[in-house]
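With the hints as a guide, dock the two chains, each given alone in a separate frame, to form the complex.
Sequences listed follow chains A and B, in order. When you number the first sequence by the numbering used here, it's gap-free, plus one each residue, and the end is 481. When you number the second sequence by the numbering used here, it's gap-free, plus one each residue, and the end is 1130.
To be clear, the hints were calculated from the coordinates, so they are not data collected in a lab. This one's a predicted model, so the numbers in the text were calculated from it and none came from an experiment. Any given hint might turn out to be false.
In silico SDA-like cross-links for lysine to any residue, where the CA-CA straight-line distance does not exceed 25 Å [what the hints assert, rightly or not]:
| no. | chain 1 | residue 1 | chain 2 | residue 2 |
| --- | --- | --- | --- | --- |
| 1 | A | K40 | B | T1046 |
| 2 | A | K317 | B | H1096 |
| 3 | A | K222 | B | S1057 |
| 4 | B | K1095 | A | Q409 |
| 5 | A | K70 | B | D1104 |
Derived coverage of chain B by chain A (criterion: at least 3 residues anywhere in the stretch with Cβ under 8 Å from a Cβ of chain A; other residues may be distant) [to be verified]:
| no. | segment |
| --- | --- |
| 6 | 1017-1028 |
| 7 | 1048-1060 |
| 8 | 1116-1124 |
The beta-carbon is built from N, C-alpha and C at its ideal position, and this holds for glycine as well.
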Amino acid sequence: MGVETIRCDNLVIGSGPGGATTACLLAEAGYDVVMVEEGKNLTIKSAPSYSLEEMSQKYRNSGLTPAFGKTRITYIEGRCVGGASEINAALYHRPLPQTLKEWQLRYQIDDFGPDTLTPFFEDIEKELSVSTRPGGLGPASKILGKGAKKMGWKTHEVKRFWKFEKGSKGTGGVRQSMSETMVPRALAAGCRLHAQTRIKKLILKGSKAVAAVGIHTDDHGKRTRVRFDFDRVFVCTGAVQTPTLLHRSRITEGIGNSLRMHPMARIAVNFDRPANNPSWGVPSLQIEEFKPHLTLGCSHSSLPHIALWLTGQAQGKREKLAEWSNMGVYYAAITGSGIGSVRNIPVIDEPFVRFPLHNQDLALLGEGLYKLGLALFEAGAKEVFNPIEGGPTITSPDGLDAIRLGIPQGRVNVTTIHLFSSCPMGEDERQCPVDSWGKLRHVENVYINDASILPNTPGVNPQGTVMAVARRNLAHFLAEA
Amino acid sequence: MSLRKRVTQQVTPVVKSLIQSVVSEELGTDHPDHAQHIDDTTTVMTERIEMMPTFLSMPMVLMTAVFDAYGVTRKGKPFHRQTLEQQIQQVHQWKHSPIGSLRDFIDFYEKMGTFVYYCQLENTELGRHE
Chain A
1 MGVETIRCDN LVIGSGPGGA TTACLLAEAG YDVVMVEEGK NLTIKSAPSY SLEEMSQKYR
61 NSGLTPAFGK TRITYIEGRC VGGASEINAA LYHRPLPQTL KEWQLRYQID DFGPDTLTPF
121 FEDIEKELSV STRPGGLGPA SKILGKGAKK MGWKTHEVKR FWKFEKGSKG TGGVRQSMSE
181 TMVPRALAAG CRLHAQTRIK KLILKGSKAV AAVGIHTDDH GKRTRVRFDF DRVFVCTGAV
241 QTPTLLHRSR ITEGIGNSLR MHPMARIAVN FDRPANNPSW GVPSLQIEEF KPHLTLGCSH
301 SSLPHIALWL TGQAQGKREK LAEWSNMGVY YAAITGSGIG SVRNIPVIDE PFVRFPLHNQ
361 DLALLGEGLY KLGLALFEAG AKEVFNPIEG GPTITSPDGL DAIRLGIPQG RVNVTTIHLF
421 SSCPMGEDER QCPVDSWGKL RHVENVYIND ASILPNTPGV NPQGTVMAVA RRNLAHFLAE
481 A
Chain B
1001 MSLRKRVTQQ VTPVVKSLIQ SVVSEELGTD HPDHAQHIDD TTTVMTERIE MMPTFLSMPM
1061 VLMTAVFDAY GVTRKGKPFH RQTLEQQIQQ VHQWKHSPIG SLRDFIDFYE KMGTFVYYCQ
1121 LENTELGRHE
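Just chain B, with the same shape it has in the complex (with noise of 0.2 Å):
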C-alpha cells in the first residue's frame, strides 16, 4: 500500500462524517439506501483525495485532519465523534468563514460529495431499472 493510501486513510472517518453533514443537510437522510450510498460515497471520495496532485492531495488530507481536530476545540471531541447536528453547525462555521481557504474546503466536500452521492444515486436506479 503506498504511502499517500495509508495516509488518506487515517482521515476516513472524517471524510465520511463530512459526507454524512453535507449531503444530509441539504438531501434528508430518509433513503432506503442512504447509509450505502454514504460509504460508497466515502470510498470514492478518499479515492479521488489520493489521486489529486500531489501539492493538492497531501495538504488536503492535513486539513481534514485539522477540521477534525478542530471539534475538540469547540465540542470537547472530534468533528467526526460528534452528533450530526453539530457536525452540520461546524460546517456552516467553516462555510461562512472569512478564510477562503477553509470556505474553499468544505466547497470541494460539498460538490464532489454531491456529484458522487448522485453517481451512487443514478446507479442504484439504474440498476433498479435494468
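In isolation and in its complexed conformation, chain A is listed as follows (with noise of 0.2 Å):
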C-alpha cells in the first residue's frame, strides 16, 4: 500500500462542531485549510433522524458505545462530515452566566466569561438560524408543560439549530448542521475536506508536530495510507476521540483524565390519549426549574423507541404498543458529578472509556425522574413504565416512590451524548493540559477545539458553547498570527 502525502500549513481533524468552526473561520481568514473527517460526507437527509439507517450511516459503532462503571453508560459519538451536529436534538443553549464565572475562577481561564463570549453566541445565533419553531409546541411538550404548570415549575422552550419554513408545523426546514453550515462555508472559502479518512496518529519531532498519518478508505472498502504534513493542526474530534488520539501519538500528559458527562435515563408514559407525533421531532420544552444540575425534558417518541424503553418494564407490551401514539418517552439528564477516563487500548487502538455514576448522581436521576412522573401524572398519565429493570407498572404518584428512594447500580438503562472535558482548558497546569485558548502545553504547534476542551459540565444542551468557545479561541489565534 503506498502513501499519499498532502500538504498544508493547517491540519483540522474531525468535522464536528468545533473542526467544522475551526476549518471555516481559519479558510474565510486566507489561511491554507484542510479538514479530515474518519466518516462519510453525507447529506443531512441521507437517513430519517434517529433511524436504523442513521445509526449505520452516522453513528460511531452504530452507537454501541459504552462507558464502563458499576451503572454502563452508552454514549453516541457522530462519526460522518458535521459530526454530531448530524445526529444531536440541535438544541441551541447559552450556558448560565454563573457557569461560566465558576469555570473561569476554577480552571483559571484567561478573558473568559459570560460578557466575552457573548458576540460569539450572537454570531452562532444569527448564522445558525436559532429559533423557535414557528408552529408553537408539539402534543409531548404540551403535556410537560401542563404538569409542569400544575406543579409550579418553570419551562422554557429551547430554540434550535434549524432553519424553519414559515408557518410549518413539526420540523418542516433544515436543521443547520454543520454539513449544512460551517462546512460548505469552509469549502467555499478554500478548504479542502478529506473525509472517510481515519487519522492514526500524530507524527512528532522535537517537540513540536509535523505530520498526521492516517488511512483513506473509498466506497469499496479500498484503503490507502495518508500523510499530512502541516505547519500546525487542530485536534477536534471530540471528548472521547481527541484524548484517544493524542495518547496514540504518546502525547498523554493530563490528556484523558477528567472526562464529563450529562448521564441521562427516560421513562416511558401511557397517557390513554393522543400524546405524542413523532413527525414533530424532538419536543423542544425542558422544565429548567432545577438547572443546572437536573433538566427534564421529553424525547423522541417514535414506535421503536417506545418499545425499547418498554422493554422488560411491561406486561402485555404488545397490546399497550398498539396504542403507542398514546405514549411519550421523557428524560431526567443530570450534571454528574464523576470524573472519568479516555484511554487508547493498544493494538486494536480503540479508546476504552470509564465513567463513575455515582451513587449520589443515581440518586439525582431518581429524584429528576420522580419529579417527572409527578408532573406528567398532574398532565393525565395513566402509567408510567418503571425505569428502574424488572419494576413494576406505576399507576399513581404514590408509586414514585420507588424511583424517589433510589435507582440500584446497574439497574437502570443510562445513555448521554453530552461529553466533555477530557482535556480541559486553562492555566491552572494541574487540572488543565491545554492553556486558555486551547493550545496544548509541552508541544508547540498542536491545538483541541472541541468539547475536550470545556472545563466542566454546562449544565445545557452543549453544541451552542462548544462552537462559542471554538470562535473565541479562534479570534484568539487569528489577533496573534
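Structure (C-alpha cells):
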C-alpha cells in the first residue's frame, strides 16, 4: 500500500461543531486549511433522524459504545462530516452566566466569561438560524408544560439550530447542522475536505508535531495510507476521540483524565389519549426549575423508541404498543459529579472509556424521574413504566416513591450524547493540559478546539458552548498570528 | 470478507433463534410479516455486532456461541436447534442468572432486538400507507 502525502499549513482533524467552526474561520481568514473526517460526507437527509439507517451511517459503532462503571452508560458519537451536529437534537442554549464565571475562577481561564463569550453566541444565533418553531409546541411538550404548570415549575421552549419554513408545523425546514452551514462555507473559502480518512497518530519531531498519518477508505473498501504534513494542527474529534488520538501519538500528560458528561435516564409514559407525534421531531420544552444540575424534558418518541424503553418493564407490552401514539418518552439529565477517563487500547486502537456514576448521581436521576412522573401524572398520565429493571408499572403518584427512594447501581438504562472536559483548558497547569486558548502545553503547534476543552459540565445542551468557545479561541489565534 | 464478518456469520443461526425467542415471547408470532421481520432483524443485529468496538464485538460473538453450546448441557442439543418453548426457557434462565454478564447478554438481545424488530415493523407499516 503506497502513501499519499498532502501538504497544508493548517490541518483540522474532525468536522463536528468544533472542527467545522475552526476550519471555516481559518479558511475565511485566508489560511490554507485541510479538514479531515473519519466518517462519510453525507447530506442531512441521507437517512431519517433516529432511524436504523442513520445509526449505521452516522453513529460511531452504530451507537453501541459503552462507558464502563458500576452502571454502564451508553454514549453516542457522530462519525460523519458534521459530527454530532448531524445526529443530536439540535437544541441550542447559552450556559448560565454563573457556570462560565465558575469555570473562569476554578480553572484560571484568561479573558473568559459571559461578557467575553456573548458576541460569539450572538454570531452563532444569527448564522445558524437559532430559533423556536413557528408552529408552537408539539403534543408531548404541551403535556409536559401542563404538568409543570400545575407543579408551579418554570419551563422553557428551547431554541434550535433550525431554519424553519414559515408557518411550518412539525420539523418542516432544515436542521442547521455543520454539513449545512460551516462545512460548505469552509469549502467555499478554499478548505480541502478529506472524508473517510481516519488519522491514526500525529508524528512528533522534538517539541513539534510535523505530520498526521492515517488511512483513507473508499466506498469499495479500498484502503490508502495518507500523510498530512502541516505547520500546525487543530485536533477537534470530540471528548473521547481527541484524547485517544493524542494518547496514540504519545502525548499523554494530563490528557483524558477528566472526562465529564450529562448522564440521562428515561421513562415511557402512557396517557390513554393522543400524546405523541414523531413528525414533530424532538420535543423542545424543558423544565428548567432545577437547572443546571437537573434538566427534565421530552425525548424522541417513535414506535421503536417506545418499544425499547418498555423492554422488560411491562406486562402485555404488545397490547400497550398497539396504542403507542398515546405514549411518550421523557428524560431526566444531570450534571454527573463523576470524573471519567479515556485511554487508548493498544493494538486494536480503540478508546476505553470509564465513568463512575456515583450513588449521589443515581439519587439525583431518581429524583429527576420522580419529579417528571409527578408532573406527568398531573398532566393526565395513566401509567409510568418503571425505569428500574423488573420494577412494576406505576399507576399513581404514590408509586413513584420507589424511584425516589433510590435507583440501584446497574438497574437502569443510562445514556448520553453530551461528553466533554477530557482535556480541560485554563492556566491551572495541574488540571489543564491546554492553555486558556486551546493550545496544548509541551507541544508547540497542537491546538484542541472541541468539547474536550470545556473545563466542566455546562448543564445545558453543549453544542452552542462548544462553538462559541471554538470561535473565541480562533479569534485569539487570528489576532495573534 | 473481513475476519470479523466471517466470525460473526458463524453465530447467525443462534442470533436468529435468540431474536425469535425474545421477540415472540413478548410480542407473539402472528404478525403476517413476522418471519420476514425476524430475518431482517437478524441481519441488522449481526451487522450491529460487527460494528461494535472490537473489545465488545468478539466477546459478544464468543458469548453467543457459549449460549448456544449451553443448550447441549441442558437439553442435549444446541440452543438454535431447540423448540421455541425450550429456547424461551433457556433465555429465562440466563435472564435471571445471578451472574451479571449473563443477564447483560440477554438484556442486549432483548433491547436491541425489540428496537430493531419495531423498526422493521414501522417501515412495513409506513410502506403500506405510502
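Hints, one by one, checked against the model:
1. A:K40 / B:T1046: The given pair, whose Cα atoms are some 22 Å apart, holds under the 25 Å limit.
2. A:K317 / B:H1096: 19 Å, holds
3. A:K222 / B:S1057: Roughly 23 Å separates the two Cα atoms, so the pair holds.
4. B:K1095 / A:Q409: Holds, because 17 Å separates the two Cα atoms, which is no more than 25 Å.
5. A:K70 / B:D1104: This hinted pair holds, its Cα atoms lying about 13 Å apart.
6. 1017-1028: holds (count 3)
7. 1048-1060: Since three or more residues must qualify, the claim that chain A covers the segment 1048-1060 of chain B holds, with 7 doing so at under 8 Å.
8. 1116-1124: holds (count 6)
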